[in-house]
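**Student:** Each chain is listed here by its residues.
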Amino acid sequence: MTTEAKIKPKVAFFDFTSCEGCQLNKLNLENDLLDILEHIDIVEFREAMDDKAEEYDIAFIEGSISTPSCVERIHDIRRRSKMLIALGACATQGGINAMKNLHPIEEVRETVYGDDKYLFPTLPAMPISAIVKVDYKIDGCPMSMPEFLKVLKSLLAGQEPIKPDSAVCVECKLKENECVFDKGMVCLGPITRGGCDAICPSFGQFCTGCRGLISNPNKNAMLEILTEHGISLDEAKKRILLFNSYDHSQSLPK
Amino acid sequence: MSIAISDVKSQELYCPEIAKITAVKRFTEKEKWFDIELPGGRSLGHQPGQFVQVSLFGAGEAPISVTSSPTKKGSFELCIREVGMLTKLLHKLDVGSTVGIRGPYGKGFDVKSFKGKDILIIGGGIGIVPLRSLINYVIDNRKDYGRLIILYGAKNPDELLYPDDLKLWKKSNDIEYHITVDQGTPEWKGNTGVITTLIPGLDLDLPNTITAVVGPPIMYKFVLMSLKTKRIPDENIYLSLERRMKCGVGKCGHCQINHSYVCQDGPVYHYPELKHLQEAI
Amino acid sequence: MKKYQLNNKQLPSFIDHLKKQGTVFAPHKKGDTSYSFEKVENPNSVVLDYNRTLNSVKKYFLPPREHLLSFSKTDNSFRKGSFKNEKKIFLGVHSYDMKAVLKLDYNFSQGNPEENYLQRRKDSSFIGVSFIPDEFHFSQSVGIPLHDTEGFDIYLEQNSDGYTVKIITEKGEKLIDGFDRVSKAKDISSNHVQFQNKLKYNYNRLPEVFEQSWNAAVWEEVSKKCVGCGTCNLVCPTCYCFDVEDNLDLSLQTGTRDRSWDGCMLNGFAAVAGGENFRETLAERQRHRVHRKFKYISDITGEPWCVGCGRCTAYCTAGISIVEIVNQLCDEYEQNYLNRPAVVGLNAERL
Ligand SMILES: Cc1cc2nc3c(=O)[nH]c(=O)nc-3n(C[C@H](O)[C@H](O)[C@H](O)COP(=O)(O)OP(=O)(O)OC[C@H]3O[C@@H](n4cnc5c(N)ncnc54)[C@H](O)[C@@H]3O)c2cc1C
Ligand code: SF4
Ligand code: SF4
Ligand code: SF4
Ligand code: SF4
Ligand code: FES
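Residue numbers (the working numbering), protein chains in the order written: chain A, 1 to 254; chain B, 1 to 281; chain C, 1 to 351.
There may be inaccurate statements among the hints.
Okay, the calculated beta carbon distance ranges per label pair [said to hold, decoys possible]:
(1) C:Gly178 - A:Leu34: 51 to 57 Å
(2) C:Gln335 - B:Trp188: 40 to 46 Å
(3) A:Met185 - B:Gly96: 56 to 62 Å
(4) C:Gly302 - A:Asp234: 51 to 57 Å
(5) C:Asn202 - A:Met185: 37 to 43 Å
(6) A:Lys163 - C:Lys20: 45 to 51 Å
(7) C:Thr23 - A:Thr227: 42 to 48 Å
(8) C:Lys3 - B:Glu12: 28 to 34 Å
(9) C:Glu221 - B:Lys189: 52 to 58 Å
(10) C:Gln335 - A:Lys163: 42 to 48 Å
Taking lysine-lysine pairs in the DSS-like style, the calculated list, with each CA pair at most 25 Å apart, reads [stated by the list, open to error]:
(11) B:Lys20 - C:Lys80
(12) B:Lys30 - A:Lys133
(13) A:Lys10 - B:Lys25
(14) B:Lys230 - A:Lys82
(15) B:Lys30 - B:Lys170
(16) A:Lys163 - B:Lys30
(17) B:Lys9 - C:Lys84
(18) B:Lys9 - C:Lys39
(19) B:Lys117 - B:Lys25
(20) B:Lys275 - A:Lys82
(21) B:Lys228 - B:Lys189
(22) C:Lys39 - A:Lys175
(23) A:Lys10 - B:Lys88
(24) B:Lys9 - C:Lys30
(25) C:Lys9 - C:Lys20
(26) A:Lys8 - B:Lys88
(27) B:Lys25 - A:Lys163
(28) C:Lys73 - A:Lys10
(29) B:Lys9 - B:Lys117
(30) A:Lys175 - C:Lys84
(31) A:Lys238 - C:Lys225
(32) A:Lys183 - C:Lys225
(33) C:Lys3 - C:Lys225
(34) B:Lys9 - C:Lys9
(35) B:Lys92 - A:Lys150
(36) A:Lys183 - C:Lys30
(37) B:Lys117 - B:Lys30
(38) A:Lys150 - B:Lys88
(39) C:Lys9 - A:Lys150
(40) B:Lys72 - B:Lys9
Simulated from the structure, these hints should not be mistaken for laboratory data. Source: prediction; values computed, not measured. All C-beta atoms, glycine included, are put in the ideal place defined by N, C-alpha and C.
I would like the entire structure built from these sequences, with the hints used as guidance.
**Tutor:** Take a look at the structure:
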């Protein structure tokens, strides 16, 4: 092992259109956060401090892109960052924000801003990757803390993090959870990308699909499972689209 | 079925040996060559065509073919293409760095049974890596074997590996060496075209020629067709397959093709065996 | 064979007696309607009358996650994972799960015998218990009689007052030695249990069917309903595929090489760098899974590698049934290779 003097990578956090649940989540790291600080220099972190720096080794982005000024800002951050990582469902998939894409944009502005709608230009909600190159995505709503740490550790060790690509069901089985289908619920775990350690089913809740879908998902089969469990086809599609409307609204059967 | 498990002598399967990198060479933008020494300069004891599991703590393990001949003592060689997480990190290593080594694993080329035969080598792209072990073995035991014919194909001249060996093979009047690239460059004077274009022109002593083929999955179908046209009997064909591997010792299931575990029964297969494996080619 | 009677109310003291001799694992209630094997703390929470546990006892020999190594990058050193050497007593194992352990014994001792499995597996005693087959069990159809006692040291057969205790091995004799509240078995009638054969063909005719199964239509049909979640692999007591991954801890210098259960139904299982996926479609993956249960290992060992526990079917959210898959294979075989329609009903054996 080499004993070169360590230059700590400069890390910044930015947020766009989101509930800021993810950042709060991050601050809850506490003990782990202290260990992480050993290895990084947080130069911009809206909720935690006011420092500003010009260039970043890693920029973490939360929230989706939904206004023209967001577009400008993300381009600017991208220019100043060596690596850009989308944090949480809004940033990785447009998140629930992208649900508004299913409605005509004027209607959305009307409901959200009422008569002031013309003061607030809005775009369809988009994941960060729709505008700039994203080096890595940490999914979830809120994002998964263990995954955030894992990715950060990989990056700090000079590695490319491996994206989990098995269904949430796999993690349920590893933990020997009782399936929530056996508690009379329906669950999106079978086609949802794992990595959250099946946290919702572990607490007796169904998975809403907040981490996006696995590669190669059989969406038709999932719809069939949902409808066979008494959910109307319309409602079943809505469930799948809740977090996935940006990527998948075109590909579900009519 | 009931096994007296207390009578089974169990083995520690997953502990690597810490080995040292003693030389590194860059072949191309994507491929690097490494010379590796086990503790105490102990021999790896491999067969041409076998592979080792190479690991870096914190990054994981990958199966990599041994590219040197067992006749080389004191160290062994690997040639690694940078494709993903681990291979990228391996490319950053330099002389003096260490890697974990498990193996050698799998079945290699049955060089004893090839004795007295002509050897036809067909290597596509990175497929030349395990074949080089066989080539060097034959060169080092030259009198035991008949003709040595090497067909080597790469996408373009920049992707050719082993520049020193290529020169040697070309010079040697003991080796019939043919090379081609899919796409030439202005400076390229040699053949252009896929590797199968080299096969029809060969003059072979058919029953006496052993053919060893290694290349990307897509290559096998076409090469096998050409070999059939050339009337090379299936019994004389050997090929090496690539599959996802995790354990290398026949446990993890990733490399399985029907009943066969590539890490145990392969990677080198006698073609007649492969014909019955449905998902093999 | 020695037989005793163990009445229901004696059960807790029997468990206490076992606990004095080793760590006892037994089925407990889990969630609303499920069961799982757990270490026994309180004998009263053990449930011997259960349909199936979520995971089989496999989890004690091949844990869902384990450290193969722990390492330090600083000095390139490593230690292998440790195994607790304790005497383990598994109480309340069903015959099919016992058979599954014996099959795993084969997988982990042939070829390269694996220390991790074999170390954990040794010093284990098994006390079986009878069960009432539900709609998913079909172990009898794969050659495991309801009261098969192979592998058990003691077998408990439920009767109207409790259990008939059958001592199978010397080890079993020792386990019960000193427990003086067992009376000689009276002639208490065993619960009369019927086991229906659910596979159309007797298991020893399946190799014939699986000779012709590669191009069957069932793979494509089933793949339309399957979501590729991997559940059927992970719950199977004879599945043992695994993944290996390195994990660093926060120091970035030390960490562990970990393995965890994996499954051939998952998308990335046979994928390699460069984008090639050797079993890309769900039909190919389903075919591989079922062939692993009925052909690949079976051709070598002469036994089905499915023990008929019904887990893959009971826990498949898409309702895909391995019995139906195999029966459809039998149908296709008859239609395409025997040129005669199915003539015998579902529950008949044909030898
Ligand atoms: C028998 C055999 C011999 C090989 N010989 C060589 C060689 O001599 N030189 C060389 O450069 N490459 C060789 N390969 C391919 C090499 O193993 C892969 O390129 C390597 O595993 C990629 O790892 P990665 O972490 O860089 O890629 P990533 O894409 O990041 O891989 C992630 C994981 O996928 C798995 N994986 C991906 N690709 C493969 C693959 N092709 N084979 C097995 N597992 C894979 C590994 O488990 C790995 O941990 C060989 C493969 C096999 C099966
Ligand atoms: S609870 Fe959901 S994620 Fe877990 S096994 Fe059931 S369907 Fe899969
Ligand atoms: S279980 Fe589903 S909803 Fe819950 S965190 Fe995981 S992916 Fe999101
Ligand atoms: S459990 Fe069912 S849906 Fe999931 S992979 Fe298996 S067969 Fe397919
Ligand atoms: S294949 Fe299904 S029924 Fe057979 S042993 Fe595995 S889980 Fe049980
Ligand atoms: S690599 Fe694990 S079984 Fe072959």
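**Student:** The structure should be examined with respect to each hint, and the outcome stated for every one.
**Tutor:** Results of checking the hints against the structure:
| no. | hint | in the structure |
| --- | --- | --- |
| 1 | C:Gly178 - A:Leu34: 51 to 57 Å | 54 Å, holds |
| 2 | C:Gln335 - B:Trp188: 40 to 46 Å | 58 Å, violated |
| 3 | A:Met185 - B:Gly96: 56 to 62 Å | 57 Å, holds |
| 4 | C:Gly302 - A:Asp234: 51 to 57 Å | 52 Å, holds |
| 5 | C:Asn202 - A:Met185: 37 to 43 Å | 40 Å, holds |
| 6 | A:Lys163 - C:Lys20: 45 to 51 Å | 50 Å, holds |
| 7 | C:Thr23 - A:Thr227: 42 to 48 Å | 46 Å, holds |
| 8 | C:Lys3 - B:Glu12: 28 to 34 Å | 43 Å, violated |
| 9 | C:Glu221 - B:Lys189: 52 to 58 Å | 56 Å, holds |
| 10 | C:Gln335 - A:Lys163: 42 to 48 Å | 44 Å, holds |
| 11 | B:Lys20 - C:Lys80 | 21 Å, holds |
| 12 | B:Lys30 - A:Lys133 | 23 Å, holds |
| 13 | A:Lys10 - B:Lys25 | 34 Å, violated |
| 14 | B:Lys230 - A:Lys82 | 55 Å, violated |
| 15 | B:Lys30 - B:Lys170 | 24 Å, holds |
| 16 | A:Lys163 - B:Lys30 | 23 Å, holds |
| 17 | B:Lys9 - C:Lys84 | 19 Å, holds |
| 18 | B:Lys9 - C:Lys39 | 29 Å, violated |
| 19 | B:Lys117 - B:Lys25 | 33 Å, violated |
| 20 | B:Lys275 - A:Lys82 | 50 Å, violated |
| 21 | B:Lys228 - B:Lys189 | 29 Å, violated |
| 22 | C:Lys39 - A:Lys175 | 15 Å, holds |
| 23 | A:Lys10 - B:Lys88 | 23 Å, holds |
| 24 | B:Lys9 - C:Lys30 | 37 Å, violated |
| 25 | C:Lys9 - C:Lys20 | 19 Å, holds |
| 26 | A:Lys8 - B:Lys88 | 22 Å, holds |
| 27 | B:Lys25 - A:Lys163 | 31 Å, violated |
| 28 | C:Lys73 - A:Lys10 | 24 Å, holds |
| 29 | B:Lys9 - B:Lys117 | 40 Å, violated |
| 30 | A:Lys175 - C:Lys84 | 21 Å, holds |
| 31 | A:Lys238 - C:Lys225 | 20 Å, holds |
| 32 | A:Lys183 - C:Lys225 | 22 Å, holds |
| 33 | C:Lys3 - C:Lys225 | 49 Å, violated |
| 34 | B:Lys9 - C:Lys9 | 43 Å, violated |
| 35 | B:Lys92 - A:Lys150 | 22 Å, holds |
| 36 | A:Lys183 - C:Lys30 | 12 Å, holds |
| 37 | B:Lys117 - B:Lys30 | 35 Å, violated |
| 38 | A:Lys150 - B:Lys88 | 19 Å, holds |
| 39 | C:Lys9 - A:Lys150 | 51 Å, violated |
| 40 | B:Lys72 - B:Lys9 | 32 Å, violated |
Hints 2, 8, 13, 14, 18, 19, 20, 21, 24, 27, 29, 33, 34, 37, 39 and 40 from the list above are not met by this structure, while the remaining hints are.
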